[in-house]
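Protein chains in written order, with the working numbering: chain A, 1 to 161; chain B, 1 to 122.
Quick caveat, the hints were computed from the structure, so don't treat them as lab data. Because the structure is a prediction, the values reported are computed rather than measured. Virtual Cβ for every residue (Gly too), placed ideally from N, Cα, C. Hints are all accurate, no fakes.
Far from chain B, by Cβ distances over 12 Å, these chain A residues were calculated:
no.	residue
1	11
2	14
3	37
4	65
5	66
6	145
List time: in silico PhoX-like cross-link candidates among lysine-lysine, alpha-carbon distance up to 25 Å:
no.	chain 1	residue 1	chain 2	residue 2
7	B	65	B	114
8	B	114	A	106
9	B	87	A	106
10	B	87	A	15
11	A	143	A	15
12	B	22	B	114
13	A	106	A	15
14	B	87	B	65
15	B	122	B	22
Next come the chains, spelled out residue by residue.
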Amino acid sequence: MGPTIVDTLVDTLTKSTEEVFETMVFRTLTSLLPIEGDALRPQSNVVGTVGFAGGASGLVAFYSTLDAAREIAGSMLGMEPADVKGEMADAIGEITNMIAGSFRTKMAQSGHQWAISVPTVTVGSDFYIKPLVTGRRVLIPFKMDSHEVFVELIMTEPSES
Amino acid sequence: MRFLVVDDSSTMRRIIINTLNKLGYQDFVEASNGREGIDRLGSGSVDMIITDWNMPEMNGIDFIKAVRGQATSKDVPVLMVTTNAAKDDIVEALRAGVNNYVVKPFTAETIKEKIDAVLAAK
Chain A
1 MGPTIVDTLV DTLTKSTEEV FETMVFRTLT SLLPIEGDAL RPQSNVVGTV GFAGGASGLV
61 AFYSTLDAAR EIAGSMLGME PADVKGEMAD AIGEITNMIA GSFRTKMAQS GHQWAISVPT
121 VTVGSDFYIK PLVTGRRVLI PFKMDSHEVF VELIMTEPSE S
Chain B
1 MRFLVVDDSS TMRRIIINTL NKLGYQDFVE ASNGREGIDR LGSGSVDMII TDWNMPEMNG
61 IDFIKAVRGQ ATSKDVPVLM VTTNAAKDDI VEALRAGVNN YVVKPFTAET IKEKIDAVLA
121 AK
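Based on the sequences and whatever the hints tell you, model everything.
Below, the structure written as structure tokens:
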């Protein structure tokens, strides 16, 4: 039996995330085993989200700690992480936008046409994203040096076409 | 050579300007959407425009159409840098008047190749 549509989506999202980090953050990510469902709620203070709609709808979310977000923003902008202040949210929004955009482009090549929203970024603590649709959610953990970051795909039940 | 960099993300403007710096370019003006971009064009000469597509107030496509509709800017080369990479997107951008197209994420080498291609075609 070949890969399911969910396997393909997760694999494509993993590749998109790795590519964006390699090219724009100058960091190599190591992907860990994806986790289906919402059993693991990643500890994070910064969450970027981009919604998509088309044959399926849902969102792509990027999670990191404040320290990791400062490191990512610093690396993108050529700044020391300690000097990153107001730039952090915009940088995480742009990272999420590029991950979702690259994911959308790759999926379009296999016939899945989606439109994507502008990114939003939430900075805080002790919050949880709860989608108001029934469907699937898959969390992909990545190691980035000493940090762990996460990308989650939350979507309505995808069709196999 | 003076660049106008138009993007609603200050991060992306900074990345593009850092990249152009690495390529030896030093002169930039910035705008955070198409409408601001039009204002900046009115206040001084620009040799090349680098613009995003998805922006508030005036998006990249409407901005390029406005640029091509003005006698003073109609011939300024435009490079679009965006996550919109579907074939239909590229066709729409080229129809609006884009000279070349860079898909995010990008490398400095890609930006250099596209700028060189645009300048060679002038």
